[in-house]
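Listed in order, the protein sequences are those of chains A and B.
For what it's worth, the numbering used here labels the leading residue of the first sequence as 1, then goes sequentially.
For what it's worth, the numbering used here labels the leading residue of the second sequence as 1, then goes sequentially.
Hints are supplied without guarantee of correctness; some may be wrong.
What the hints assert, rightly or not - From chain A, some residues computed to sit far from chain B (all C-beta separations above 10 Å):
| # | residue |
| --- | --- |
| 1 | S29 |
| 2 | K68 |
| 3 | L70 |
| 4 | R85 |
| 5 | E86 |
| 6 | R88 |
| 7 | G89 |
| 8 | R108 |
| 9 | H120 |
| 10 | M164 |
| 11 | L215 |
| 12 | G216 |
| 13 | A219 |
| 14 | R265 |
| 15 | L269 |
| 16 | V280 |
What the hints assert, rightly or not - Derived coverage of chain B by chain A (criterion: at least 3 residues anywhere in the stretch with Cβ under 8 Å from a Cβ of chain A; other residues may be distant):
| # | stretch |
| --- | --- |
| 17 | 38-46 |
| 18 | 248-262 |
Treat the hints as calculated values from the structure; they're not laboratory data.
Note that CB positions come from ideal geometry on N, CA and C, so glycine has one too.
Here's the letter readout for the chains.
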Amino acid sequence: MTAPLLEVQDLRTVFQTKEGIVKAVDGVSFELMPGETLGIVGESGCGKSVTAMSIMRLQRPGKIVGGKVLFKGQELTKMTEYEMREVRGKEIAMIFQDPMTSLNPVFRVGWQVSEPIRIHQGWDAKKSLASAVGMLGRVGIPSAATRARDYPHQFSGGMRQRAMIAMGLTTTPPVLIADEPTTALDVTIQAQILDLLRRVNNDFGTATILITHNLGVVAGMCERVLVMYAGKIVESGPTKDVFAHPKHPYTWSLLRSIPRLDADRHEPLKPIEGLPPHLVDLPPGCSFHPRCAFKVDRCMRDEPALLQVGETQKAACWVTQSGQELKGA
Amino acid sequence: MIGQSRVAELDMPTAAAEGAATRPAQSYWNESWERLSANRIGLAAGALIVVFAAIAIAAPLFSAVLTHFQPQSINLDITFKPPGAPNYLGTDELGRDTLTRIIWGGRVTLGVAFLTVAMSLTVGSSIGMLAGYYGKWVDDILMRIVDTVLAIPAIFLFILMSILFRPNAITLAAIIASVGWGGVARLVRGEVLSVKERDFILATRSIGARDFRLMLRHLLPNVLPVLIVSASLGVGQIILVEAALDFLGLGIQPPTPSWGNMLTNAESYFYHSFWLVIWPGIAIFATVLASNIFGNAVRDAFDPRLKSH
Numbered sequence: 001m002t003a004p005l006l007e008v009q010d011l012r013t014v015f016q017t018k019e020g021i022v023k024a025v026d027g028v029s030f031e032l033m034p035g036e037t038l039g040i041v042g043e044s045g046c047g048k049s050v051t052a053m054s055i056m057r058l059q060r061p062g063k064i065v066g067g068k069v070l071f072k073g074q075e076l077t078k079m080t081e082y083e084m085r086e087v088r089g090k091e092i093a094m095i096f097q098d099p100m101t102s103l104n105p106v107f108r109v110g111w112q113v114s115e116p117i118r119i120h121q122g123w124d125a126k127k128s129l130a131s132a133v134g135m136l137g138r139v140g141i142p143s144a145a146t147r148a149r150d151y152p153h154q155f156s157g158g159m160r161q162r163a164m165i166a167m168g169l170t171t172t173p174p175v176l177i178a179d180e181p182t183t184a185l186d187v188t189i190q191a192q193i194l195d196l197l198r199r200v201n202n203d204f205g206t207a208t209i210l211i212t213h214n215l216g217v218v219a220g221m222c223e224r225v226l227v228m229y230a231g232k233i234v235e236s237g238p239t240k241d242v243f244a245h246p247k248h249p250y251t252w253s254l255l256r257s258i259p260r261l262d263a264d265r266h267e268p269l270k271p272i273e274g275l276p277p278h279l280v281d282l283p284p285g286c287s288f289h290p291r292c293a294f295k296v297d298r299c300m301r302d303e304p305a306l307l308q309v310g311e312t313q314k315a316a317c318w319v320t321q322s323g324q325e326l327k328g329a
Numbered sequence: 001m002i003g004q005s006r007v008a009e010l011d012m013p014t015a016a017a018e019g020a021a022t023r024p025a026q027s028y029w030n031e032s033w034e035r036l037s038a039n040r041i042g043l044a045a046g047a048l049i050v051v052f053a054a055i056a057i058a059a060p061l062f063s064a065v066l067t068h069f070q071p072q073s074i075n076l077d078i079t080f081k082p083p084g085a086p087n088y089l090g091t092d093e094l095g096r097d098t099l100t101r102i103i104w105g106g107r108v109t110l111g112v113a114f115l116t117v118a119m120s121l122t123v124g125s126s127i128g129m130l131a132g133y134y135g136k137w138v139d140d141i142l143m144r145i146v147d148t149v150l151a152i153p154a155i156f157l158f159i160l161m162s163i164l165f166r167p168n169a170i171t172l173a174a175i176i177a178s179v180g181w182g183g184v185a186r187l188v189r190g191e192v193l194s195v196k197e198r199d200f201i202l203a204t205r206s207i208g209a210r211d212f213r214l215m216l217r218h219l220l221p222n223v224l225p226v227l228i229v230s231a232s233l234g235v236g237q238i239i240l241v242e243a244a245l246d247f248l249g250l251g252i253q254p255p256t257p258s259w260g261n262m263l264t265n266a267e268s269y270f271y272h273s274f275w276l277v278i279w280p281g282i283a284i285f286a287t288v289l290a291s292n293i294f295g296n297a298v299r300d301a302f303d304p305r306l307k308s309h
């Protein structure tokens, strides 16, 4: 078995707020293998984005208070800002949620897409622009040489996201973090962008962390998936196993709440009851117990750890760890 | 009719696609420039300032070719001459040619004004940028300094500084700019605070850009419009401040002519030689008015949202 490219160990990131300390990322551990696509799913505010930001050390105003991020054996959380800049954009690139605001409105797209090359390779404007134009072509921008001279406002949302992806790839980093890359796009464009990301993964062998709240996206894209809830990973495993036999009630409820084509269309959707907990004031025991259909007494007292459940999956749940199956109510 | 409109609808996509392929890149600057060129009055005001500046720069040439007088050459035989050849705008109490002195005075006055604006903008935008970008204690310290500077009544500071530093064009510019930068710093800080929260700054950080690159390459161009507007509106204000200081004898010292100090003496002779007041007065008035009109035009061009007001 090959060594993981990126290893996150017990990462903890907190935000100091007026109401108290928010543990946005609370002991998250996972690894990313070379060339794989890893999905991180969860509701808004469960810590997906903060996890990604913490890996890049861009979590300000949050603070990393514990844990390690090992990239090719180097500890990113201990690096100086200077060393970290060499990692950002060169080793790990990031794509953001809203392509409409992720490009600087006053510069031409080509100039921006070529910026990582100028920063990391130190190439001159002409050479870096030529390379950027090539990359824009590869991500499917028609007549890239001409469009590179356009300003961001002349690009559509899908094209801007393509440009952002091109920008991330110009330095061919081994890791790409895509933070909800399709959330701000409409459905047909979403499909195109996902297709592009899949192609990028194949062509460049870029390991991708795909952060999303869309389970459909994960099903179509990722080999492995992590499910996050309230700053913690509650379930992890190969996508097909997690989707077929969820081992955490949260995953189970999420999957059950998705509308299905083959379901009786007169039956109402089954949302997860209640709201995600306030991160300042987490319930004792398992954070999910107030919304859980399977809870036992122990869930309200003790916090479950993420342990092996079944052949391939891990789950942080007392119920499934005791061997019980999750069956629909 | 119905058939025709169908055809038009069907044609549209191709037309749009062709347009997309051929249209030139429209930058923010292009657009602003287009809006500015459409504003005739604003453009005329800008042109007037450029003409005045050109005349001021070419002052020695005008002395040699047009007026044949030097600004400081005294001739007591021709004191208080009314306008007419060879003294087109008359002479003053020492027989100095008013037109020559207006031209040379413009050199000083406009020079001081532009220099002051340049100094205020450089210092103000640097301080504002640092405060806005780094925030926290840097912001606190820098902005409290700005508050302090802006809390001092400007005219008393000018008087004090004029006594401490014998004013010439450069020190006078520095004196006026020593207060002017405060406003610019606040303006830039506010703008930086809003721009730095936008996603593209985070995106740029994520590609490994240094603070320096973020500030100079990404933030500065985004705050440039406010700077340009503040500069073009500032020129007029500074000319007024400078004229006031000169008039009070705290600015440019005679015999060097400036529009302001030309008025100092003129006031005593107003009843029999009114032209001594009129010409420098018109020069100041026209420049300040032109600068304000141009400044407004620039603001409208850069920020169309303000235009309705």
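Against the structure, the hints:
1. S29: 23 Å, holds
2. K68: 21 Å, holds
3. L70: 19 Å, holds
4. R85: The assertion about R85/A is violated, with a minimum of 4 Å to chain B.
5. E86: 7 Å, violated
6. R88: 4 Å, violated
7. G89: Answer for G89/A: violated, closest chain B Cβ roughly 3 Å.
8. R108: 7 Å, violated
9. H120: 6 Å, violated
10. M164: Contrary to the label, M164/A does not stay out of reach of chain B, its closest Cβ about 7 Å off (not over 10 Å).
11. L215: 25 Å, holds
12. G216: 25 Å, holds
13. A219: With a cut-off of 10 Å, A219/A remains clear of chain B, as the shortest Cβ separation is near 27 Å.
14. R265: About 35 Å separates R265/A from the closest Cβ of chain B, which puts it past 10 Å; holds.
15. L269: Answer for L269/A: holds, closest chain B Cβ roughly 32 Å.
16. V280: Consistent with the label, V280/A stays out of reach of chain B, its closest Cβ about 23 Å off (over 10 Å).
17. 38-46: n = 0 at 8 Å, threshold three: violated.
18. 248-262: Since three or more residues must qualify, the claim that chain A covers the stretch 248-262 of chain B is violated, with 0 doing so at under 8 Å.
Of the numbered hints listed earlier, those contradicted by the structure are 4, 5, 6, 7, 8, 9, 10, 17, 18.
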